[in-house]
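If you want the building blocks of each chain, they are given just below.
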Amino acid sequence: MGNSVLLAYIPIFIFMAIAFLFPIVTLFVAKLIRPNSGGEAKLSPYECGVDPDSDARQRYAIRYYVVAILFVIFDVETVFLFPWAIIYKQLAFFGLMEMLVFLGILIVGYVWIIKKGALDWA
Amino acid sequence: MNLDSFIDWILLPLIKIGILFGLLSLVIAYLTLLERKIIAFMQVRLGPMRVGPHGLLQPIADGIKLMLKEDIVPSRADKIVFTLAPVITLIPAFIVFAVIPFGPRSIHIPGFTIPGLNVQVAERTTGFFITDLNIGLLYVLAVSSIGILGIILGGWASNSKYPLLGALRSAAQMVSYEVALGFSIMGVLMMAGTLSLVEIVNAQKNAGAWYVFLQPVGFILFFICGVAETNRAPFDLPEAESELVAGFHTEYSGFRFSLFFLAEYAAMIVVSSMAVTLFWGGWLRPFPNIAALGFLGLVPGFLWFALKVLVFLYFYLWFRASWPRYRYDQLMKIGWQVLMPIAIANVIVTAVLVLWLGGSR
Amino acid sequence: MIEALFFLFAAMAVGAAINVLVQKHVLYSALSLIVLLVSMSGLFILLNADFLAVINVIVYAGAIMVLFVFVIMLLNLPEDEDGADRMRWLKFLGIPMGLFLLFMILATLWNAGADAGVQAQMPGSPEAIGRSLFTDYLLPFEVTSLLILIALMGAVVFAKKEL
Numbered sequence: 003m004g005n006s007v008l009l010a011y012i013p014i015f016i017f018m019a020i021a022f023l024f025p026i027v028t029l030f031v032a033k034l035i036r037p038n039s040g041g042e043a044k045l046s047p048y049e050c051g052v053d054p055d056s057d058a059r060q061r062y063a064i065r066y067y068v069v070a071i072l073f074v075i076f077d078v079e080t081v082f083l084f085p086w087a088i089i090y091k092q093l094a095f096f097g098l099m100e101m102l103v104f105l106g107i108l109i110v111g112y113v114w115i116i117k118k119g120a121l122d123w124a
Numbered sequence: 117m118n119l120d121s122f123i124d125w126i127l128l129p130l131i132k133i134g135i136l137f138g139l140l141s142l143v144i145a146y147l148t149l150l151e152r153k154i155i156a157f158m159q160v161r162l163g164p165m166r167v168g169p170h171g172l173l174q175p176i177a178d179g180i181k182l183m184l185k186e187d188i189v190p191s192r193a194d195k196i197v198f199t200l201a202p203v204i205t206l207i208p209a210f211i212v213f214a215v216i217p218f219g220p221r222s223i224h225i226p227g228f229t230i231p232g233l234n235v236q237v238a239e240r241t242t243g244f245f246i247t248d249l250n251i252g253l254l255y256v257l258a259v260s261s262i263g264i265l266g267i268i269l270g271g272w273a274s275n276s277k278y279p280l281l282g283a284l285r286s287a288a289q290m291v292s293y294e295v296a297l298g299f300s301i302m303g304v305l306m307m308a309g310t311l312s313l314v315e316i317v318n319a320q321k322n323a324g325a326w327y328v329f330l331q332p333v334g335f336i337l338f339f340i341c342g343v344a345e346t347n348r349a350p351f352d353l354p355e356a357e358s359e360l361v362a363g364f365h366t367e368y369s370g371f372r373f374s375l376f377f378l379a380e381y382a383a384m385i386v387v388s389s390m391a392v393t394l395f396w397g398g399w400l401r402p403f404p405n406i407a408a409l410g411f412l413g414l415v416p417g418f419l420w421f422a423l424k425v426l427v428f429l430y431f432y433l434w435f436r437a438s439w440p441r442y443r444y445d446q447l448m449k450i451g452w453q454v455l456m457p458i459a460i461a462n463v464i465v466t467a468v469l470v471l472w473l474g475g476s477r
Numbered sequence: 056m057i058e059a060l061f062f063l064f065a066a067m068a069v070g071a072a073i074n075v076l077v078q079k080h081v082l083y084s085a086l087s088l089i090v091l092l093v094s095m096s097g098l099f100i101l102l103n104a105d106f107l108a109v110i111n112v113i114v115y116a117g118a119i120m121v122l123f124v125f126v127i128m129l130l131n132l133p134e135d136e137d138g139a140d141r142m143r144w145l146k147f148l149g150i151p152m153g154l155f156l157l158f159m160i161l162a163t164l165w166n167a168g169a170d171a172g173v174q175a176q177m178p179g180s181p182e183a184i185g186r187s188l189f190t191d192y193l194l195p196f197e198v199t200s201l202l203i204l205i206a207l208m209g210a211v212v213f214a215k216k217e218l
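One line per chain: the protein sequences are A, B and C, in this order. Using this note's numbering, read the first sequence as starting at 3 and increasing by one per residue. Using this note's numbering, read the second sequence as starting at 117 and increasing by one per residue. Using this note's numbering, read the third sequence as starting at 56 and increasing by one per residue.
Hint data in this document are derived by calculation from the structure and do not stem from the laboratory. All C-beta atoms in this analysis are idealised placements derived from N, C-alpha and C, irrespective of residue type, glycine included. Just to be clear, a hint being listed does not mean it is correct.
Have a look at the derived ranges for each label pair, beta carbon to beta carbon [said to hold, decoys possible]:
#1 B/ILE223 with A/ASP122: 47 to 57 Å
#2 B/LYS195 with C/ALA59: 25 to 35 Å
#3 B/HIS224 with C/MET56: 26 to 36 Å
Put together the whole structure using the sequences plus the hints.
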């Protein structure tokens, strides 16, 4: 157990367990003390007072998908930047050049998607 | 596992987690009152006045009310996911606080002997934080990224049109601003050279200046993205009541709703705390290296921290009272086509400046 | 203590992985996948690779699962069995694939015995990973950016027809 990396995570595991119990306990307590009347109209999905005429789960615009996939791609890019940023002072000029090449390639891609209008919502 | 490491890694964290939970629920409860009061004053109203003097007991009344409210699960909803979604949102919102440094490592606990057992407990120093990870900043980002899932699932499970649209918008907004948020903190990391939040604050002490003065653009980007990440005004499109009723939590009522609500306010506190830690010197007093202002050091670190966080929470409320909501296409355009290029440019400019000015490490 | 945590995370991971397969609704599978990824991060922490653990959560549990859940929501496939029928032939492909995977696992386990002590020296800190990534593995790193660029363009080209 001389492992200090792991030791620092023990409080986090404890915190996770407590944070997991908190909503469960409160939801359970609330269940015990609240009224429960129900009724068909009350349980129907909210649609400004009229009966819902169709299922909500339909197909939605592909734009959301484009945003999500671009997010994944740029997220991977930032993940590479984190270890670079913290040792940047040691890498010095070499590090700057490396990252300029890396970012440069991606900026080309970024400009291309803006030009293509993939991020235009209207 | 011996007694000392038991105290260091289990007992003390447990006590701190207990204190944190208590403080956090108190702060969130009174943040709601503060919000109503401040917005009321800005609109020349009084806000809640009935429960207790000047409405001071209003949050308690609200809490009891939410506990006693009927809990409605829509008939078409997916019952399991419907219950799970607020829990998935709330847990990350809370456990982020595990790494936030509220104060320095300065709590001294003198050594003592447990009477009767004849066990010696060594003297130790602990800090105003639950744990200090060497990847603390990434932990915050990782854990908060899980929270998005709860919102999407909540909207999906409701099986109702407004929540579904609200959840889609909300998730698309949060992921769009997360990218710029990631880039905006790169400058701080380059200067601090560490991902540990405690060390980032210490680095600001060594640098003799809060990073906001070295990274003003980074800070502004961070805070704009932070406001967007928490779905607050003027980026509160997911709950745009004029078009989407209440967004992803339209179908939620009673205590399930309040879990979403708690998570939103906890996230506001997290963003404010992160802004303070990364850019405003954390627990450091103003001008940490000017000895003439040493009397400011009489105020303990965690009070400086709390004060600074309060300022940012005030900004949140101020924004809500002052600015109209963006349109969705404007929101997307700001995130991807305005903030992103500025953030990338900020990374490159900072990289060049760090190299140019800080040649001697 | 490490053993107890290992078995906890391993049991969670295996349980979640089985649940991914047996769940009828694709969203439930996605939820189990999130549990699987988070417990894998727990295992990474036990191996001192905490940087890898958070990156795993950020990229997989955070970003890619958001994408998965998004796609599930956007398509809203009906829950009938038609899709399963059309994919029946895939089951026969599954058998050789499963055998191949089993072979890989056995081969790995066979070789693992000698390197059991290796985890203690493995660099897990972000500084160490950065140092080797930006010096020894510089070329793969720069090529990765090309890969990301291709992924970016591919995504937009595929979606562009619909825009």
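Hints versus structure:
1. B/ILE223 with A/ASP122: 47 to 57 Å: 54 Å, holds
2. B/LYS195 with C/ALA59: 25 to 35 Å: With a Cβ separation near 33 Å, B/LYS195 and C/ALA59 satisfy 25 to 35 Å, so the hint holds.
3. B/HIS224 with C/MET56: 26 to 36 Å: Distance hint for B/HIS224, C/MET56 holds at roughly 28 Å.
When held up to the earlier numbered hints, the structure conflicts with none and fits them all.
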